[in-house]
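Same order as they appear, the protein sequences are chains A and B.
Just so we're aligned, residue 13 is where the first sequence starts under this note's numbering, counting upward by one.
Just so we're aligned, residue 73 is where the second sequence starts under this note's numbering, counting upward by one.
Errors might be hidden in some of the hints.
Cut-off 25 Å, straight-line C-alpha distance, at most; resulting in silico cross-link-like pairs (DSS-like, lysine-lysine) [claimed, not checked]: (1) K116(A) with K158(A); (2) K158(A) with K85(B); (3) K85(B) with K116(A).
These aren't lab readings, by the way, just hints derived from the structure by calculation.
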Amino acid sequence: MDEHEGPVGELRLPVELSGPLIEEAGRADPEAACGLIVGRRRSRFVRAIRTVPCENCAPPDARGTRFEIDVRRLIEEERAVRDSEEEVVGFYHSHPDSEPIPSKTDEAYMLLWPDKVWVIVGRRAGETGRTVRAWSLDLADPASPKEVQLT
Amino acid sequence: MSVTVRIPSALRKLTNGQSELTGEGLTVRELLDDLGRENPGLLGRLTGDDGEIRQFLNVFVNGSDVRFEDNLDTPVQAGDEVSIVPSIAGGTGLASVGAVRT
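Chain A extracted, bound-state conformation:
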């Protein structure tokens, strides 16, 4: 298997990146924020280097519960990093009113991107602050996304 394929096991996401993601989710509230994560990957380990905020292209009346990224942004970013050691390692989005756990909709789209890490910003039940968790889907067990260790 290509070393860049398969589920991600660990994501190094420094606070310099996770902090702004939480702030971005707050600014987007009540709509979902979304974007790309650029970094480096070696086997199951991913190091995030920067994030690329993207417009939520879901229909305006659905942006509180849906996100959609214009895939042209992904193509542009992949072209920009093609000759470097960086790549688009994953995507992020926010759940304005729920926990940062993949929804059934998220899981369906994760099936289309099994080699990416999915970072979700959300709220734990009963808490007002937002938190970040990360997930990846193993096509060998697609029924349940695996949580990616954040370091």
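Knowing the structure of chain A, use the given hints to seat chain B on it.
Okay, now just chain B, sitting in the frame of chain A:
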């Protein structure tokens, strides 16, 4: 003269794990038909019963979405790069999940 097609990881089980294929044709449809000869099932995963590109997949020729061109009849020529890119979406709202699966 060949055209390069970039295959997303979700479809590589249909291409023996290859991330790039080269094929020939004057349109995207002919190109994909050509690739389908050595990679059975690929065209069927890309297109629905109506013969058009599935809703949750996107095909780009040199960065241009063929849905804004002539869909599968969009012309291609040697040196072009064709990319198959799944949609990036999700959220807590319900979607027609079954339709997403490729």
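Below or equal to 25 Å on CA atoms is what counts here, so check K158(A) against K85(B).
At roughly 21 Å apart (the allowed maximum being 25 Å), K85(B) and K158(A) satisfy the hint.
For K85(B) and K116(A), compute the direct alpha-carbon distance and say whether it is at most 25 Å.
holds (23 Å)
Hint check: K116(A) vs K158(A), CA-CA at most 25 Å. Holds or violated?
holds (14 Å)
The structure is consistent with each of the numbered hints, conforming to all of them.
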